[in-house]
Amino acid sequence: MGICFLLLIVGVCWAQYDPNTQAGRTSIVHLFEWRWVDIALECERYLAPNGFGGVQISPPNENVIVTDPWQPWWERYQPISYKLCSRSGNETEFRDMVTRCNNVGVHIYVDAVINHMCGTNAGAGDHATCGSYFNAKTEDFPAVPYSGWDFNDGKCKSRSGDIENYHDISQVRDCRLVSLLDLALEKDYVRSKVAEYMNYLIDIGVAGFRIDAAKHMWPGDVKAILEKLKDLNTKWFSAGAKPFIYQEVIDLGGEPIKGSDYFGNGRVTEFKYGAKLGTVIRKWNGEKMAYLKNWGEGWGFVPSDRALVFVDNHDNQRGHGAGGASILTFWDSRLYKMAVGFMLAHPYGFTRVMSSFRWPRSFVNGRDVNDWVGPPSNSDGSTKPVAINADTTCGNDWVCEHRWRQIKNMVIFRNVVDGQPFSNWWDNGSNQVAFGRGNKGFVVFNNDDWNMNVNVQTGLPAGTYCDVISGQKEDDRCTGKEVHVSGDGMANFQISNNAEDPFVAIHVNAKL
Numbered sequence: 001m002g003i004c005f006l007l008l009i010v011g012v013c014w015a016q017y018d019p020n021t022q023a024g025r026t027s028i029v030h031l032f033e034w035r036w037v038d039i040a041l042e043c044e045r046y047l048a049p050n051g052f053g054g055v056q057i058s059p060p061n062e063n064v065i066v067t068d069p070w071q072p073w074w075e076r077y078q079p080i081s082y083k084l085c086s087r088s089g090n091e092t093e094f095r096d097m098v099t100r101c102n103n104v105g106v107h108i109y110v111d112a113v114i115n116h117m118c119g120t121n122a123g124a125g126d127h128a129t130c131g132s133y134f135n136a137k138t139e140d141f142p143a144v145p146y147s148g149w150d151f152n153d154g155k156c157k158s159r160s161g162d163i164e165n166y167h168d169i170s171q172v173r174d175c176r177l178v179s180l181l182d183l184a185l186e187k188d189y190v191r192s193k194v195a196e197y198m199n200y201l202i203d204i205g206v207a208g209f210r211i212d213a214a215k216h217m218w219p220g221d222v223k224a225i226l227e228k229l230k231d232l233n234t235k236w237f238s239a240g241a242k243p244f245i246y247q248e249v250i251d252l253g254g255e256p257i258k259g260s261d262y263f264g265n266g267r268v269t270e271f272k273y274g275a276k277l278g279t280v281i282r283k284w285n286g287e288k289m290a291y292l293k294n295w296g297e298g299w300g301f302v303p304s305d306r307a308l309v310f311v312d313n314h315d316n317q318r319g320h321g322a323g324g325a326s327i328l329t330f331w332d333s334r335l336y337k338m339a340v341g342f343m344l345a346h347p348y349g350f351t352r353v354m355s356s357f358r359w360p361r362s363f364v365n366g367r368d369v370n371d372w373v374g375p376p377s378n379s380d381g382s383t384k385p386v387a388i389n390a391d392t393t394c395g396n397d398w399v400c401e402h403r404w405r406q407i408k409n410m411v412i413f414r415n416v417v418d419g420q421p422f423s424n425w426w427d428n429g430s431n432q433v434a435f436g437r438g439n440k441g442f443v444v445f446n447n448d449d450w451n452m453n454v455n456v457q458t459g460l461p462a463g464t465y466c467d468v469i470s471g472q473k474e475d476d477r478c479t480g481k482e483v484h485v486s487g488d489g490m491a492n493f494q495i496s497n498n499a500e501d502p503f504v505a506i507h508v509n510a511k512l
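Take the sequence shown: its letter number 437 is residue 437 in this note's numbering, and every next letter is one higher.
These are calculated hints, taken from the structure and not from any lab test. Just so it is clear, the structure is predicted and the values come from calculations on it, not from any experiment. Heads up, the beta-carbon is just placed ideally off N, CA and C, and yes, glycines get one too. There could be a bad hint or two in this list.
Stated by the list, open to error - Straight-line distance between alpha carbons at most 16 Å, and here's what the computed EDC-like set of lysine to aspartate or glutamate pairs gives:
(1) K235 / E196
(2) K473 / D488
(3) K137 / D162
(4) K228 / D162
(5) K511 / D475
(6) K228 / E196
(7) K511 / E500
(8) K228 / D188
(9) K230 / D203
Stated by the list, open to error - Quick list of simulated restraints, FRET-style, between CB atoms:
(10) S382 / A124: 21 to 27 Å
(11) S496 / D397: 52 to 58 Å
(12) G487 / P360: 23 to 29 Å
Given the sequences, and given the hints that come with them, work out the whole structure.
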């Protein structure tokens, strides 16, 4: 308490790095483009009982309605106002979701689009999700209100007004990202409008924010906005709790803007994580799982307590954003489950699981020409509900990776081993690896092209354990493989390279 008090005098208590998840909950899931009514139900029926800590939601504010192409996912990243109506639902539904999720201990993290408004070519009219009038050409957004004075046109030094050179820091932060109208965040009026929006959400009960396009804002401007934010709602959070902040900073190296520029504000999205892990699990460029022994900072990533990590996100699963072709997604389900399993077993970073929708991929000259397609929708443009099938998977083209047994059980694994050290690493010099988390859990992977049969030290208490990848513990029986740990902590693992899932995970809560 003393240290924290000293830091309070200096004006910071490192609270924005804390995800604010309930004790024993260590991951969040991005329910990309889900409706608020479906998220409320999912918190109650699935996320809370399975130990998920929270949900990252799609931007809840009013956005432009794009009809060419037809209502793409990225229209959600083109704000018209900070009113809470979008294709995910209205303000009443939003409030209901936040309340119901918080009431079962699952918190809500808002994707905050505060760098810009809509694109320059969005026209004028009321084609927006709350029906607010706007004029992109004259930069008139009366529903906020913003006017031409509130944008960075005068500051931008590129010829087109768009970002042309990512090695020019001022251009990246003062010019338009793909022609999106760039807000003048050095103006106190603009900062106050953004903070007013975020504080409105805090009052409703959200737990934190993903700061979209943080790389395109000056760290000092982001800091000035964050300093205007209230503490979290004490109905669900302890007094003095600060919103969790994680900033979208795509830093793969090779550009002057670094993730570390933003550490003073909160965590950052570590895009190197999924890009490198995909390369290793695909075995590209001579990479091997054996090289993962020093995974984390040893690979040039940001410090663990400043990292928000993920295998894929809504951008790079479509080839947008960062990471390129190495990114693993639900389309590569076998390798994807291994990658997510590794992420959730390894102590580095704060973990986010992806939950996607299917779209009709169509590659022309190596590029998916349908990478714009929005969520499953009815002919009137409204988003389809998330249907839950009898086998607990989802219908209506919602992928629901977070409901795949292997991923859900690894979310639980991470909760069980929370706080335990990375331990008992073993590898065969190739793509068979194993490691433990203290005396609470142990995982084994076979990504080689031959069978695995090894005896390794698990660090676990003696007994019979249920593998939570091939099945799970139900009552006192195991629906999957059983693993016997002897009195000295040793166990035998046999994993076929042809197995549906060539990895095994055991933990003390899955002991028979």
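We went through each hint and held it up to the structure:
no. : hint                    : in the structure
1   : K235 / E196             : violated (20 Å)
2   : K473 / D488             : violated (24 Å)
3   : K137 / D162             : holds (15 Å)
4   : K228 / D162             : violated (29 Å)
5   : K511 / D475             : holds (11 Å)
6   : K228 / E196             : holds (8 Å)
7   : K511 / E500             : violated (23 Å)
8   : K228 / D188             : holds (11 Å)
9   : K230 / D203             : holds (8 Å)
10  : S382 / A124: 21 to 27 Å : holds (25 Å)
11  : S496 / D397: 52 to 58 Å : violated (32 Å)
12  : G487 / P360: 23 to 29 Å : violated (55 Å)
When the structure is compared with the earlier hints, violations turn up for hints 1, 2, 4, 7, 11 and 12 and for no others.
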